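Asks: Residue numbers (this note's numbering), protein chains in the order written: chain G, 1 to 402; chain B, 403 to 775.
To be clear, the hints were calculated from the coordinates, so they are not data collected in a lab. Do not take every clue at face value.
[Unchecked claim] Cβ-Cβ distance ranges computed for the label pairs, FRET-style:
no. : chain 1 : residue 1 : chain 2 : residue 2 : range
1   : B       : Lys574    : G       : Phe382    : 57 to 65 angstroms
2   : B       : Met411    : G       : Ile12     : 56 to 64 angstroms
3   : B       : Thr610    : G       : Ser139    : 28 to 36 angstroms
4   : G       : Ile129    : B       : Thr653    : 50 to 58 angstroms
5   : G       : Ile129    : B       : Glu539    : 51 to 59 angstroms
6   : G       : Asp87     : B       : Thr653    : 48 to 56 angstroms
7   : G       : Ile309    : B       : Arg407    : 53 to 61 angstroms
8   : B       : Val695    : G       : Phe382    : 53 to 61 angstroms
9   : B       : Met411    : G       : Pro15     : 56 to 64 angstroms
10  : G       : Leu305    : B       : Glu539    : 18 to 26 angstroms
[Said to hold, decoys possible] Here are the simulated EDC-like cross-link-like pairs (lysine to aspartate or glutamate), alpha carbons at most 20 angstroms apart as the crow flies:
no. : chain 1 : residue 1 : chain 2 : residue 2
11  : G       : Lys155    : B       : Glu435
12  : B       : Lys671    : B       : Glu648
13  : B       : Lys540    : B       : Asp572
14  : B       : Lys735    : B       : Glu707
15  : B       : Lys597    : B       : Glu655
16  : G       : Lys390    : B       : Glu587
17  : B       : Lys671    : B       : Glu546
18  : B       : Lys699    : B       : Glu493
19  : G       : Lys390    : G       : Asp60
20  : B       : Lys457    : B       : Asp729
21  : B       : Lys597    : G       : Asp331
22  : G       : Lys155    : B       : Asp433
23  : B       : Lys686    : B       : Glu644
24  : B       : Lys696    : B       : Glu685
25  : G       : Lys390    : B       : Glu583
26  : B       : Lys671    : B       : Glu707
27  : G       : Lys390    : B       : Asp636
28  : B       : Lys678    : B       : Glu583
29  : G       : Lys155    : B       : Glu410
30  : B       : Lys573    : B       : Glu539
31  : B       : Lys597    : B       : Glu587
32  : B       : Lys431    : G       : Asp331
33  : B       : Lys735    : B       : Glu452
34  : B       : Lys730    : B       : Glu748
35  : B       : Lys574    : B       : Glu546
36  : B       : Lys540    : G       : Asp60
37  : B       : Lys730    : B       : Glu410
In this text, all values refer to a predicted model and were calculated from it rather than measured experimentally. Backbone N, C-alpha and C fix where the C-beta goes; we use that ideal spot for every residue, glycine too.
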Amino acid sequence: MQQFANWLLTKIPYPAFLPTEYLYIGVQLIFALLMLMLFVAPFAGIISWVERRVAARMMDRVGPNRVGPQGFLQWLADGIKSLLKEDIIPTNADPILFRLAPYLVFIGMFVAFVVVPFSSKLIIADLNIGIFYLIAVTSIVTVGIMMSGWASNNKYSLLGGMRSAAQIVSYEIPTGLAILVIVLLSGSLSMQEIIAAQGAYPWEWFLFSNPFTAMTFFILFISALAEGNRAPFDIPEAESELVSGYSTEYSGMRFVFFYFEEWANIYLIAAVGTALFLGGWQIPPAVRQWGAATHFILPHLLEFLTFFIKAIAIVFVVIWIRWTLPRVRVDQLMILCWKYLLPFGFACALGTALWMVLFPKGVPLVSYTLFGGAVVTGGYFFYRVWYQLKAANVRVHLNPFV
Amino acid sequence: MGELRTQEMLLNMGPQHPSTHGVIRFVVKTDGEVMTTAVPDVGYLHRSIEKIAEKATYHGFMPWTDRVDYLAAMNCNYTYALAVERLAGIETSRRAEFLRVISMELNRIISHLLAVGALGMDVGAYTPFVHGLREREKVNDLIEELCGQRLTYNYARVGGVIYDMPPGWDKKVLSFINQFEPLLEEFNRLLTDNKILIHRLRGIGVITKEDAINYNLVGPNLRGSGVKWDLRKDIPYSVYPEFDFEIPVGTGEGGALGDCYDRYMVRIKEMRESCKILRQCFEKIPAEGEAQVKVPKKVRPPAGEVYVRTESTRGDLGCYLVSDGSDKPYRVKFRAGSFTAMSIVEKISRGMMIADLVAFIASLDVVAPEIDR
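The shape of chain G in the complex, shown without the other chains (with noise of 0.2 angstroms):
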């Protein structure tokens, strides 16, 4: 970055008065924007596509399969679709919060991207206080959804502003206590460093470290769902009753930034909960010497395969959770919060720090077991999924390809 500032000095005439730092923050700002447009933004639309593939498989249908390979290019033409519709702003909304409200909920959600490592070097900003950035910025998207609500000058609207408000200021807590659970184990509120103290394999993952950290992952897991207005939790937006809530008065390309910003928000669940708890994007030693050893990109794009992997994991157990599960009520919701997430987070954060304490190498045993475990769970899930199919004589369709 330096070398290219240097570079371009010699090449432009620059004006002598101004320190050359300036230069050096402006070709690093722009870096990291066109690193966001071009490389995170497209991320949302993947994303759109996967949600509406798998819903599509849930509930007997093809989804779309029309526009480019299976419809993979669907996010690109309601991109461009919804940029050349006509945009409404309402008689009695407030003109100006209600045209700014999306870019605020927009802005919320992207520039959180910053402080994503999706491999090693792969990260626009290693912040020093990565994680807690992550948390202070997507609190924007909040003030964007009520701004939205309130501005539309619509009832539905309003309501689903307050409950949006309401909802994401409970969730913060029982988030920011599953994530202390993390920065006591790792010793550092930077992603990359969260992610350098776990292990490649799956018992070395904090997720594994002890009870405690996994019985967090569930409450991180349910508070980023709730945080992210998602099913079960989607009452701002409740469709059956409050008619998609803050956005309803919304068209054309503010309202696709409302939903860039659901679409994006899967993925940065899935992101956090991969870097906190599943190892992120780390690729075991052996495997990282011979990619290093064939050609010098290769670990950096095993690294980030491994990361992108785990994560679509989460957004398709996301996915899985919305097309499934009816929607709680908003008292449900709070009930979930205060009086079960909140201890519950408690509990989870003096048990790591006394499991720390009393076991400082921590136990391999306890997370063999863990992870033993797991792997037992998950089977007899299976099994029952397919005993469940077997008795209810269904045909299932196993080609992904329709």
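For this one, chain G is given, so just place chain B on it according to the hints.
Replies: Chain B alone, transformed into the frame defined by chain G:
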């Protein structure tokens, strides 16, 4: 600083709202999430079907009865045909009666499938609704083979039914039932036994036995409150007395007797009973018999009146028919279950949450066209 006071908000739910299932309007007074009242405002779908009947001949009115309740067109067809037959003294063949029962029970299954699926969708589970629609399509295919229509069947006629069943059709229906019953169990695992659904429905919208009777609720809504009243058993018509089936009533398994979960469960159980009736139908149906007995082109029932009640999918469907001896009815009046179900909304919805109102209306299974006709 004075006491912090909240202000009541008037929320207009409908006429176009995703969870009103048609065009109904609820004037909801809310204080935040909790409502004070929800007053139903009906009449958006009035198509003056009953007035049209006075201008149509007895035969000619038959297609209009489809539109009374488009999800249970078979039952409406049948109720009107039965009223005319009673008034004109027409006897149908036994085979035609069996065909009518088969078509009505198939109709009951798909209507309930849509009801429970739509309830699932109203509380936020989208997939069960689509699975319900998938099964509904299979039944629609069967009914299409029977009468050529998929929604407004227009199958029953004065004096029987329009077509006999095509050869081999009974096998198809039986094979559908054989695969539908396990699928219903799968549906239960997906939706009915779901913890969130149970928590959303139990103890919500409790209608007591007395209220259910006083407000004139009918069908699954009445039985959900624990009243064992089914016209198929209590005031038998057609060939129903020959069948062995149970009347499911609400048991309060969710929490309180007569809550949303009870009404939901009654519908699930009724689908199983309908499968049972269909199996018996195909065992007992006589091989001989004409689909429609000879009926004059212009039916002229003697002057008089008749009131016929049948158990439609949404409960007691009444048809009041007055004849003045001409070839057109003097007056036709349908008494529909959805209309009375709307009357209880105002009482039960007091102090509910908005999300509960949606679940409550869905559990009443109102069909907007049936309210207004």
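Asks: Need the list of violated hint numbers for this structure, in ascending order.
Replies: 1, 3, 10, 17, 24, 26, 27, 34, 37
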